[in-house]
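Enquirer: Listed below, chain by chain, are the residues.
Number of protein chains: 2
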Amino acid sequence: MIRISLDLMGGDFGPGVVVPGAAKALERHPEISFLLYGRKDLCQPLIDKFPKLKAKSVFYDCEVAVAMDEKPSQALRRGRNVSSMWRSIEAVKLGEADVIVSAGNTGALMAMSKFCLRTMANIERPAIAAIWPTLRGESIVLDVGATIGADSQQLLDFALMGGAMARALFEVERPTVGLLNVGVEEMKGQEEVKDAGRLIREANLESLEYFGFVEGDDIGKGTVDVVVTEGFSGNIALKTAEGTAKQIAGYLRAAMNRTLMARIGYLFAKGAFDMLREKLDPSKVNGGVFLGLNGIVIKSHGGATAEAFAAAIDVGYDMAKNGLTQKIENDLKRYHAMRLPPIGPEAVMSDEV
Amino acid sequence: MIRISLDLMGGDFGPGVVVPGAAKALERHPEISFLLYGRKDLCQPLIDKFPKLKAKSVFYDCEVAVAMDEKPSQALRRGRNVSSMWRSIEAVKLGEADVIVSAGNTGALMAMSKFCLRTMANIERPAIAAIWPTLRGESIVLDVGATIGADSQQLLDFALMGGAMARALFEVERPTVGLLNVGVEEMKGQEEVKDAGRLIREANLESLEYFGFVEGDDIGKGTVDVVVTEGFSGNIALKTAEGTAKQIAGYLRAAMNRTLMARIGYLFAKGAFDMLREKLDPSKVNGGVFLGLNGIVIKSHGGATAEAFAAAIDVGYDMAKNGLTQKIENDLKRYHAMRLPPIGPEAVMSDEV
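Note that the protein sequences, when read in sequence, are chains A and B. The opening residue of the first sequence carries number 40 in our numbering; numbering runs sequentially from there. The opening residue of the second sequence carries number 40 in our numbering; numbering runs sequentially from there.
Please keep in mind that the hints were generated in silico from the structure rather than gathered at the bench. This one's a predicted model, so the numbers in the text were calculated from it and none came from an experiment. Hints are supplied without guarantee of correctness; some may be wrong.
The list treats identical chains as one, so a pair stands whether inside a single copy or across any two.
Stated by the list, open to error - With a straight-line cut-off of 27 Å between C-alpha atoms, the simulated BS3-like cross-links for lysine-lysine are: (1) K110 x K233; (2) K110 x K93; (3) K360 x K372; (4) K366 x K132; (5) K110 x K360; (6) K285 x K309; (7) K95 x K285; (8) K79 x K366.
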């Protein structure tokens with residue numbers, strides 16, 4: 040059984056999307072049980088409409104809902120202990136849930152998650168990992184917005200955590216990991232990225248295969264399983280790709296509507312277009328994963344449909360089922376054990392010399 | 040008349056692409072005259088095939104060609120004064136050409152351009168501006184790879200230079216300018232970007248309208264005429280968008296080949312697909328513009344076709360014709376004049392107090 044806590048009040052549509060989304064996910068994974076957090080007057084009537092979901096859920100009434108435009112600091116002040124967001128996260132901390140999924144505002148969700156769950160030992164700052172559709176399947180890209188300007192050690196941590204997530208998600212044994220960089224010779228890259236490359240190479244990590252630098256166009260190609268970057272460029276890459284996909288979909292729509300011949304062609308090729316639409320459908324790939332916390336937190340798009348929210352639950356389900364947190368902890372431990380200086384009189388001696 | 044100098048030896052295909060590219064551009068703009076730099080044994084036979092081009096060109100024999108994988112420092116050492124790249128740039132410095140176009144390696148071209156032309160007064164580091172097709176037409180994005188980690192003053196310089204380029208290219212009077220940032224509340228953005236936002240707002244620039252922050256998906260939407268960012272994230276955004284476009288084209292091809300119905304549909308809609316292909320054709324938008332130097336340098340894609348190289352010449356033609364350098368110099372002067380402390384005894388006095 041996988042126990043998933045849901046913040047029913049998160050997202051642009053709140054329980055109206057989250058509840059049917061949960062029902063959809065439950066159909067796919069009947070072994071899920073849910074802990075549901077929200078305002079009773081708004082949520083209970085909706086839950087009553089899905090008897091199967093209701094039978095597999097426990098509902099907790101929470102008076103406070105974090106607003107989508109609320110500042111993280113304000114959300115923490117107002118919503119700590121009492122909001123649906125906080126309490127759904129807390130369920131993971133208390134060991135009552137294996138993973139929490141929320142479509143609430145990213146900043147508040149991250150702030151509350153950090154505050155409530157705390158970062159793992161040796162992890163300074165968490166990362167948000169996105170699952171990115173590629174020509175070869177899917178890759179993981181992190182960080183897409185949690186930390187602005189990570190240093191080389193943090194980039195190495197991201198590589199470790201992303202590698203663990205790839206093993207949980209793709210079931211590859213030793214995922215390939217690339218560092219996102221720019222391709223202009225001799226001006227090549229930020230110092231942090233260069234240093235991180237050296238650091239990762241020298242660390243000789245068992246858990247992943249370090250590929251080297253990759254460029255922006257390698258993400259869509261699927262050159263590596265995991266693309267590591269700091270949050271500023273990662274967020275810009277993610278949003279730019281989303282924008283480009285929308286732009287091309289717009290061109291395609293316009294082209295197919297321009298002439299009668301094109302419209303006829305569209306009818307013949309409708310199956311193909313549906314397939315393409317499916318490929319490009321953002322609701323099929325939804326769910327950013329917060330990595331580096333003592334517990335799994337999944338962030339759904341705020342504007343997600345029920346179908347998309349169900350996809351985010353799927354991600355949470357996979358992560359919990361495949362023991363993401365444990366995998367990350369093990370990898371971190373192994374890495375840091377390797378780095379520790381030898382313990383004993385010799386070590387102390389050599390330190391004093 | 041617009042005088043354009045060309046590095047015939049640049050790019051993956053050298054004169055085999057550059058010479059026919061020049062011939063194509065000349066058909067569109069008969070008022071161009073060319074200064075051609077390259078190895079005579081390789082170039083002259085090709086030029087002889089295009090009598091119209093030959094009539095409007097002067098050819099200069101250069102023994103040295105900069106290699107595509109040559110390090111900038113090595114290219115400078117080996118190619119200064121003698122390479123086709125250097126001499127085509129020098130033609131601008133000597134006032135013999137209005138603009139230079141090269142498909143040679145970016146790092147070497149930037150290094151030589153900086154060394155030969157020098158940066159403009161008050162400009163610390165040049166930027167590379169890309170012309171980006173959007174849903175609303177075209178926008179300018181800079182920097183896409185020349186400076187890694189620009190500070191707030193440099194970002195303001197980019198805004199000024201990008202604004203001047205927009206006026207030269209789009210013939211808008213007061214282009215809108217946005218700063219590329221991430222959208223996660225309270226973790227919002229690098230310090231440099233936030234500072235640059237304040238700086239640009241306070242500068243109250245006549246030459247542009249400051250829009251505020253934009254995100255990655257705003258580029259493709261065409262939210263602003265000019266998107267300003269530092270070179271690391273700009274390069275990643277550009278390459279990621281290119282990768283995404285290729286990825287979707289790949290999906291589309293696969294979808295259209297999957298069934299007989301789809302192939303029939305494709306035939307009916309072929310005109311529409313051709314239109315789409317045209318929209319997505321990288322050769323239609325080719326030519327990065329180096330900004331901030333005492334002269335206009337256009338960088339074509341290394342893998343450009345003759346058609347694409349002609350497009351890069353078109354960009355150079357437009358920039359020279361519309362007085363890009365002069366526009367930038369004027370805007371910079373106006374901005375810096377505004378910033379200067381009052382001149383006169385009072386100023387000196389107050390300095391000494």
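Enquirer: Next step is simple, just say for each hint if it's right about the structure.
Expert: Structure-based check of all given hints:
no., hint, in the structure
1, K110 x K233, "between (34 Å within a copy, 17 Å between copies)"
2, K110 x K93, "neither (33 Å within a copy, 65 Å between copies)"
3, K360 x K372, "within (21 Å within a copy, 63 Å between copies)"
4, K366 x K132, "within (18 Å within a copy, 60 Å between copies)"
5, K110 x K360, "neither (33 Å within a copy, 49 Å between copies)"
6, K285 x K309, "both (19 Å within a copy, 22 Å between copies)"
7, K95 x K285, "neither (38 Å within a copy, 44 Å between copies)"
8, K79 x K366, "neither (37 Å within a copy, 63 Å between copies)"
Of the numbered hints listed earlier, those contradicted by the structure are 2, 5, 7 and 8.
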